[in-house]
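One letter stands for each residue in the lines below.
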Amino acid sequence: MSAAIVFQGLTRRFAGHTAVADLNLELQPGTVFGFLGPNGSGKTTTVRMMLGLLRPSAGSLRVLDLDPIADGERLRSQTGVLLDQVGLYDRLTARQNLDLFARIARMGPAERRRKVEAALKRVDLWDRRADHVSGFSKGMRQKLGIARALLADPQLLILDEPTSGLDPVNIKLLRDLLTSLAAEGGRTIFMCTHQLDEAQRICSQVGIIRAGRLVAVGAPETLEGGERPPVVRLHCARPEAARGARLPEGTRLEGPDAEGWLRATLAHPEDVEALVKALVAADAGVQAVVPERRSLEDVYLSVVEGT
Amino acid sequence: MSDFLTVLWKEAAEFVGNRRSLRVFAIAVLFMGILPDIQGTKANSATLVLIRVIYVALAAVIVVAQTAPNLVIHEREGHTLETLLATRLPDRAIFAGKVAAAVAYGYGAAMLTMAIQLIVDGVIRGSWSWSYLAAPIGRWFVFGVPVVLAAYLATVGTFVALRIGDQRSAYLVTMLSLAVIALPFVLGLVTLQASVAWVEQALFTLAVVDALLAAIGVRLFNRERLILYQQE
Numbered sequence: 001m002s003a004a005i006v007f008q009g010l011t012r013r014f015a016g017h018t019a020v021a022d023l024n025l026e027l028q029p030g031t032v033f034g035f036l037g038p039n040g041s042g043k044t045t046t047v048r049m050m051l052g053l054l055r056p057s058a059g060s061l062r063v064l065d066l067d068p069i070a071d072g073e074r075l076r077s078q079t080g081v082l083l084d085q086v087g088l089y090d091r092l093t094a095r096q097n098l099d100l101f102a103r104i105a106r107m108g109p110a111e112r113r114r115k116v117e118a119a120l121k122r123v124d125l126w127d128r129r130a131d132h133v134s135g136f137s138k139g140m141r142q143k144l145g146i147a148r149a150l151l152a153d154p155q156l157l158i159l160d161e162p163t164s165g166l167d168p169v170n171i172k173l174l175r176d177l178l179t180s181l182a183a184e185g186g187r188t189i190f191m192c193t194h195q196l197d198e199a200q201r202i203c204s205q206v207g208i209i210r211a212g213r214l215v216a217v218g219a220p221e222t223l224e225g226g227e228r229p230p231v232v233r234l235h236c237a238r239p240e241a242a243r244g245a246r247l248p249e250g251t252r253l254e255g256p257d258a259e260g261w262l263r264a265t266l267a268h269p270e271d272v273e274a275l276v277k278a279l280v281a282a283d284a285g286v287q288a289v290v291p292e293r294r295s296l297e298d299v300y301l302s303v304v305e306g307t
Numbered sequence: 308m309s310d311f312l313t314v315l316w317k318e319a320a321e322f323v324g325n326r327r328s329l330r331v332f333a334i335a336v337l338f339m340g341i342l343p344d345i346q347g348t349k350a351n352s353a354t355l356v357l358i359r360v361i362y363v364a365l366a367a368v369i370v371v372a373q374t375a376p377n378l379v380i381h382e383r384e385g386h387t388l389e390t391l392l393a394t395r396l397p398d399r400a401i402f403a404g405k406v407a408a409a410v411a412y413g414y415g416a417a418m419l420t421m422a423i424q425l426i427v428d429g430v431i432r433g434s435w436s437w438s439y440l441a442a443p444i445g446r447w448f449v450f451g452v453p454v455v456l457a458a459y460l461a462t463v464g465t466f467v468a469l470r471i472g473d474q475r476s477a478y479l480v481t482m483l484s485l486a487v488i489a490l491p492f493v494l495g496l497v498t499l500q501a502s503v504a505w506v507e508q509a510l511f512t513l514a515v516v517d518a519l520l521a522a523i524g525v526r527l528f529n530r531e532r533l534i535l536y537q538q539e
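Residue numbers (my numbering), protein chains in the order written: chain A, 1 to 307; chain B, 308 to 539.
Isolated chain A (complex conformation):
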């Protein structure tokens, strides 16, 4: 099976600046990808190139094994999109909004009725189907936008800040929906988000873009961005004894915290063994040694802000 999304040296320059620089990425079908980065980092430009709305200045990309420029119409017919601005027609009702996109997807009248009804019910807006969208709250608009993106059962979903404006109940509803969509298999979800917690929960892979460059890619639980010394947490029966231990060179020991954990920052990953030996020799009563995993937020901040 060919990759769902492939970027090779993807670059987009505008007069005076480079918005996206040398992006390389390969996502398999069924991947839920979280595209993280601060405002102005190149996420929207990347999405626009994926949809064939902008041509790359250099490099290439294939989406669903199609060239977004040459096969744009075919690609967009297989893609459901929710952009950062939901883009609903305020003068139309909720039903008319979805009906329009069902017509664009060339559904017949019966299929249109069925799918629009199902989509509105899925996001709990069936009772508001005859209301003009102008009276909808931000959360309702967001839900309608999601219903619209899912209307034609697309192979690829591109979602820009999908939970923006949603309350916790609807965030959970959307998270469950995306998880179940991903679990159905085959459908790829490309999601731009600032919600790191959300990305960690939903995404099977994440990428962090900064100033147009993809600076970290991987599974959220294993992502390591930037230079960072290895850290281990230790639980000792006699933590005060650890103070007198002859620690490996460059090791910094902190703690214990309220729960009795010590935190050791090592110069090299292989120093763990020497550290444990030193603590045992100092009779600190080592009970547990746990590598400290950085949260996605830690990685994001270290990559984006250099903290």
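By construction, these hints were calculated from the structure, which means they are not laboratory data. Treat the hints with care, since some could be wrong.
To be verified - Here are the in silico distance ranges between beta carbons for each label pair: (1) A/69 / B/312: 47 to 57 Å; (2) A/109 / B/532: 50 to 60 Å; (3) B/531 / A/106: 20 to 30 Å; (4) B/312 / A/131: 20 to 30 Å; (5) B/386 / A/38: 15 to 25 Å; (6) A/70 / B/342: 53 to 63 Å; (7) A/113 / B/312: 11 to 21 Å; (8) B/338 / A/14: 39 to 49 Å; (9) A/70 / B/338: 47 to 57 Å; (10) A/122 / B/342: 51 to 61 Å; (11) B/487 / A/13: 28 to 38 Å; (12) B/329 / A/14: 38 to 48 Å.
Predicted, not measured: the structure shown is a model, and the values here were computed from it. From the three backbone atoms N, C-alpha and C, an ideal C-beta is built for every residue, glycine too.
Given chain A's structure and the hints, the job is docking chain B onto it.
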């Protein structure tokens, strides 16, 4: 064709839901329909006939110049343009649908104006005069001029709206563009005898200009250009 009809359907649904557009439409039609017969011009005079046909065209002009830029500006302001561009709709279907919708509103306004003029004529003067429709030149003026003017303004208005953000400025620039095309024909009308042949040639020339503009429009109205305009 179905994509073009989809865009037309959307524009029609939006038009019905837009009070401002409906108000402009109603005011233009009522004013242009009633004014010629309450100005005190002598019934069935050549002047009244000329005023009537000019007002029919004017109704189309006002409605199209107001509506065509709005079809784009409203999409941009509501952030629906990019969503529409992210669908499988071909560029030319979006462009043609918008232009055709504006032409339809303008032509509809012209025809309604004509109908109101005839009704007002019948009610005020009791003449139920269809005289200006009897002559070929009158029919050309009433049925031909509004459509070529509407097509011209709809195309120009769509492009003006891509570069000018606010509705009033876009309307004014679109109206100004009318002067460019109308002046030679007004001069011709004044200096030359307005024969049927002259009117036919004038309409043909305008239709060619419309076709050229439409061809340029199809080339220029593409996704990347629209996104870049939006980014500026």
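Tested hints:
no., hint, verdict
1, A/69 / B/312: 47 to 57 Å, "violated, 26 Å"
2, A/109 / B/532: 50 to 60 Å, "violated, 34 Å"
3, B/531 / A/106: 20 to 30 Å, "holds, 24 Å"
4, B/312 / A/131: 20 to 30 Å, "holds, 26 Å"
5, B/386 / A/38: 15 to 25 Å, "holds, 21 Å"
6, A/70 / B/342: 53 to 63 Å, "holds, 55 Å"
7, A/113 / B/312: 11 to 21 Å, "holds, 18 Å"
8, B/338 / A/14: 39 to 49 Å, "holds, 47 Å"
9, A/70 / B/338: 47 to 57 Å, "holds, 51 Å"
10, A/122 / B/342: 51 to 61 Å, "holds, 54 Å"
11, B/487 / A/13: 28 to 38 Å, "holds, 37 Å"
12, B/329 / A/14: 38 to 48 Å, "holds, 40 Å"
In summary, the numbered hints that this structure violates are 1, 2.
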